Amino acid sequence: MTAAASLSEIPTIAEASRLIAKRALSPVELTKSLLDRIKAHDGRLNSFLLVTEERALADARAAEKEIAAGRSRGTLHGIPIAHKDIYSTKGIRTTAHSRLLADHVPKEDAATVRKLAEAGTVMLGKLATHEFAMGGPSFDLPWPPARNPWNTDHVTGGSSSGTGAAIAAGFILGGTGSDTGGSIRHPAAFCGVTGIKPTYGLCSRVGILPLAFSLDHAGPLAWTAEDCAILLQAMAGYDENDPASAKVAIPDFRAGLREDLRGVRIGLLRRFHETDLPVEPEMQKALDDALDVLRRLGAEVSDVSPPSLDLYTACSYLIGLSETFAIHAEDLGKRYDDYSEMFRDRVAIAALFSGPDYVNAQRLRRHLTEEMRRASAEVDVLLTASAPGGAPTFASTDKWAMFKKPGLSPVFNVTGQPVVTVCCGFSGKGLPLGIQIAGQAFGDATALAVGHAYQKATPWRDRRPHVRD
Amino acid sequence: MSAPEPMSREEVEARLKRAGLSLSKAQIDELHSVSGYARALAETVAMRLPREAEPAVTFTRGPK
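Sequence order for the protein chains is A and B.
According to my numbering, the first sequence is numbered sequentially starting from 578.
According to my numbering, the second sequence is numbered sequentially starting from 183.
The set of hints was computed from the structure by calculation and includes no laboratory data.
Just so it is clear, the structure is predicted and the values come from calculations on it, not from any experiment.
Some clues are possibly wrong.
Within a straight-line C-alpha distance of at most 25 Å, the following computed DSS-like cross-link-like pairs (lysine-lysine) qualify [to be verified]:
#1 K982/A with K862/A
#2 K199/B with K642/A
#3 K976/A with K199/B
#4 K667/A with K599/A
#5 K599/A with K616/A
#6 K862/A with K824/A
#7 K862/A with K599/A
#8 K976/A with K599/A
#9 K692/A with K207/B
#10 K911/A with K207/B
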C-alpha cells in the first residue's frame, strides 16, 4: 500500500487481516497510509480529537514483528482502529469532547480498550463525540463537531460521530462507539457504515464515561457487518467489575455469518416507521426494496406490532435524562456555562422530573420490554428504519427536536436488544439511508448474520464518499 | 407541532432550585418555555400498571 492511499484502496478488516496473514500487507505501511489520509483530509471532517501517531506506529511495528515471528494474535493483529473519546485510554487524554475534561488523562484503559489492544489492534487516536455522548453537534466546545464525509454540510449523527465519519472516510478500519439512545446506530446510518449496539451487558462498560447507566451500551462500528463481528468478538465477555455484565457464553460471531437466510423469520415493525414516525418516501422505498432482497435470500417476513414508539421514547428519555442529570448534577450546579448549550439545556430538563416519575419510567420499562418480547416471540429478528431519512444539515439542528417526535432508536435501549444498522441505499441527495436489524436478547449473532447476508446481496458496500482536502 | 402547555413559572423555578441549578433569567425563561415536554414525558410514563408492577431496576444479586 502506498502513502495516502485512495479510499478505494482501503481494505475491510477481514481483507486486511487476510493480506497481513499472507505477508502481502504490512501493518506498518497500512498504518502510515491511514495516518497520511488523516493528515490530508481530516481538517475538513474533524473526526479525530487526538491522533496518537507515535503510539500507532509503535503498535504497528510490534504487531509486524510478532506476526513475522509466527506469533499472530488473530484476526485483529495489526488492524488500525480508534476509540470514541469517552473510552478511557491509559496515559492518553480522554475528554468526552467536553471543556470539563479537557485535561483528563486516565490512569487505566477501559476494559474494552484493553481487550482490543490485547487482540493486537493498532490505536490511531481518539475520536470526536457529542459532549459526554449526548450534547451535539455543538460549536461552543473546544473542538468542532465531526462532519459527514458524504456531504460536510450534513451532520454525522451522534454521538459516536467521529467513529462514523472516520470509517466512512477511510481513516480507520473500525472503531468503538457507545449507544444510549441510538449513538452507534445514527452515525452508522448517516455515514453509511455498519454498527452494532450489542445486547445490554454483552460488552463491559468499565472505563467508559457513563451517560445513563441503565441504557449505556458499548459496541463497534466498521465498514461491514463481518468487520463488526470481528471487533465484537474481541470486545464481548463477562466483566466482574461491571454490575450489568452478563455471564453468558460468547458465540463465534464471524462463524455464524451466512449468505442465505432460509428459515430466518423477520418481524417488520411496520407501525414504527409507517404510523408512529412516518419515514420519508425514499426511505420507505429503500426499506421495501430491502425487504424484497431479504425475501429473495429466503427469509420469511411478517408484521409485528409492539406498543407505540411514543411509550418507548418517553420511557427512554425520562430514564436517560434523569440518570445523566444525577451524574452531572454537581458540575451543572457549579459550572453550567462550561457545558455546551446543547448538553446542559437538554439535561436540565431532568430537574423538572420527580423521583416517582423515574420509578414509573422503570416500571413502564419492564412492561414494555415484556410486551416487545411477547410481540416478537415468533420471529428471529425485527426490522425498521434507522431514521426517517438521510442525515440532516447542521443548519437544521434543533435543540428541542428530540422532544417533538418519537425516535426510532431509543426503543432498543429500553429493551436492551442487540441491533445492527446497515446501509440500505442512498437518498436523492446522495446521502446514505439505514435500516435497523434487531435480534432477540443475546441474539447478536443472528442480527449480524442477517446484516451480512443483506450486504453480500446488495451493492451498497461498493460505494464510498468523495473525500476531498 | 407546538410545545405542550408549560408548567407554571414558579414550579419550574422551584424545581430547578431544588436540583441545585443556579441559572440566568434567560436560561430559566427557555427551560420554562419547554417545560411542557417534561410534564408530557412524566404523564406518558405514569401509565396505569398493576400495583405490584416492579421497576426494571429491581436488585437481583446476592452477596459476593
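_Which constraints among the numbered hints does this structure fail? Numbers only, ascending._
Violated hints (numbers, rising): 2, 4, 5, 6, 7, 8, 9; every other hint is consistent with the structure.
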